[in-house]
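S.K.: The chain contents come next:
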Amino acid sequence: MTTTQHNHQVSRPDPRSWLIRTFPLALLLGLIVIVGLLIVHIVVGTVELTPSQILAALLNQADDPLHRQVIWSLRMPRALVALVAGGMLGLAGAILQAVTRNPLADPGLLGVSSGGVLAVTLWIAIAAQVGDAESLPDSGLILPILALVGGLTTATLVYTLSRQRGTTNMVRLVLTGVLVGGLCSAMTSLLLLWASEYNVQRMLRWTIGSTAGRVWVHWHTLWPAALLSLPLGLACAGIANGLQLGDEMATSLGIRVERGRAMLLFAAALLTAGAVAVVGNVGFIGLVGPHMARRIAGSDGRRLFPLSVLLSGSLLLLADILARTLSLDWLGRLTNLPIPEGAGLPVGVITALLGAPFFLYLLLRQQQ
Amino acid sequence: MSSDTAPIVLEAEAIHVHYGERSVVADLSLQLTQGTVTALVGPNGSGKSTLLKTMARLLVPSAGAIYLDGKAITGMASATIAQRLAILPQGPRAPEGLTVRELVEQGRYPHVGALRMLRQQDHVAIREALALTDMERFSHRALDTLSGGERQRAWIALALAQATPLLLLDEPTTFLDIGHQLEVLELVRRLNHERGMTIAVVLHDLNQAARYADRLVVLQRGTIMSDGPPLTTLTPTILEQVFGVRAHIIPDPETGAPMCVPYATIKT
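The listed protein sequences derive, respectively, from chains A and B. Each residue of the first sequence is one higher than the one before, starting from 52 at the first, in my numbering. Each residue of the second sequence is one higher than the one before, starting from 696 at the first, in my numbering.
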C-alpha cells in the first residue's frame, strides 16, 4: 500500500517538491545573479569605461588613476552597500511577516525607519542652528550611528509599550509601531519645514532613501551590523516557523514563545536600523522581496529567509543600477518642470515607483 | 483499556484557572491513566478546553499544580514536555502556502531544536505521522488547498510527528462533516489500540464521546460533575443537571455503548 502510493507520487512530480530538492541550486542561481548585477553595477555609469579599463582598474593596473578611483572608491562600495542593505531589509520584512502573521508587515513596522530618520534630521537641524552646516560632518560616521541609535531606541519603545503582563500582543505591537512611526514622521516633516533649502536636500535623501555618495566609510558601518544581524535572523528561522502557527501551537512544540519572539524582533530591528542607517528609509524592498521569495520557496522560513535576503539584495542593487543610469533630463525638456540638468534619481524613489505597482500586481493576481 | 494499576501519566491537582477576574476552573483534580482515551464533555463555557490547555501548560493555573509522569510541569523545560505531550489547540492557522510536509516537519522541533538539521530518525517519524493520518499523497500540497477533513488530519500528523506517548486534542471534530468526524475519531482509537497512546479529547457530541472513549469526564462551570466509563456517566440525571435536557438513554445497536436521544429542554 505504502509503496504504491509512493510510486504514484513519483509518477506525478509536484513542482514544489522539485523546488525543495533543488533549493540549493536556487540559492546558487541567486548568487550568480548577484555577481552578474554587481558587474553591471560597476560597469555602467557616467564615466564611461571599456571592459579592459575596468578590469585593469580592478586589478590595480589602471593607466589612468581616475579609473581606479571611480571603480574602487565610488562604484564598488556603493554596489556592496546597496546589495547588503537590500538583503537586510528583505530579511527584516520576512521575519516581521512571520512574527506578526501578517503578510503586509514591512521593516518599518517597529518604527525603526522613521525613528532612525528622525534622529538624522534632528542632528542636521541642530547642527544648522549651532554653526555653519557645511563645516559639520555629515558624510562620516556620525549620521549612520545616530540613525542606528534612533532606530533601535524607537523599536525598544514600541516593544515596551506593546507588552502587557509579561506577554506581547501582536495587534498591539503593530498599532503601537504605526503610532510611534507616525509621530516620528510628523516631527521629521516639521524639521523639514523649518530647514534651509540646502538642509532640506540633505534630509530628504534620508527620508526617501538614497545610495548616492555611499563610500567605504558607509560600508564599514554597514558590515558589522550585517554580520551580527543576518546570521541571527537566519538562525531564528526554525523559531519563526513555530510562531507562524500561533502562540499555542508554538508552545506545544516546546518553543519559548516570548523569548523567541523577542529575539526575532531584535534581529528585525537591528537589520532595519543597520540598513536605514546607511541608505535611509528605502521603501518597498522589505515588502516586495519577501513576497517574491514566498512565491518561489513557500512559507517555510528555512527556505524563505535566505531567499528573501538574496532577492531583496538583488532588487536594491538593480534599483540602484537604474538610479545611476536613468536620467530625468528628457522630462525636464518635455514638461518645463524645473529639473536641474543631470539630476539623479534617489534609489528610494525607484523602489517606490516600481515596487508599489508591482505589489499591486501581486495582490491582484492573488485575488484571481 | 484502562485498569486500576495503570500508571498516572498526567495529573491536575486542585487547580484553579482564571481569565482575569472570572474563574473558569475551580479546585479541579483529574488524573489521566496510561493507555486510556478520555473524553472531556460539557456545555459551552464549562471549562473543558481551559482544563485541557492548562494540563498542557498553555495556560498557567492560579493555584494547584500539573504533574507529568509524576513531576511538576512548572519545573520542566518546555521542549522536554513537548517530547512527552503533544496538544492540538482548537482551529489552528497556518501561513499561506505552507505545505503539509513543511507543517509536519515542525513536529520534530522538540527533538531537533532550532538550529540542527533533520536526522534519519526524524524523517522516519515524519513518514510515520503522514502514513498514520493517510496524508502521504498530500505531503507536498499547500494546506490552504485541502478540504477541512484533510487539513485537520495534517494538523494531527504534526502532533504525531512529535512522537509523544500522550496526545491532547481540543475539539478536533468541530467544523467537520460527519464522515470526517468519524475519520478523526477512528484515528484516535487506532492510535490508542495500536500504539498504546494516552489520549484526552474535548468533544461536543456526547454519543461520539461515549462510543470512542473509555472514560467520560463531564464538566459544568469548571468542576467535574461525573467521571467514569460511559455507561455510568451518560445518565438521564446528568443530562438534566448539566445540559438541561430530558433524554432517553438507549444502547448503541452497533457497540452497546449508551446513546442519548434528547427530547425536551428544561426551562428554569
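There could be a bad hint or two in this list.
[Unchecked claim] Beyond 10 Å from chain B on every Cβ pair, some chain A residues (computed):
hint, residue
1, Glu99
2, Gly233
3, Met300
[Said to hold, decoys possible] Reference listing, derived: stretches of chain A covered by chain B, where coverage requires no fewer than 3 residues with Cβ under 8 Å from a Cβ of chain B:
hint, stretch
4, 149 to 159
5, 286 to 294
6, 347 to 358
By construction, these hints were calculated from the structure, which means they are not laboratory data. All residues carry an ideal CB built from backbone N, CA and C; glycine is no exception.
S.K.: State the violated hints by number, sorted upward, taking the hints as numbered earlier in the document.
M.R.: 3
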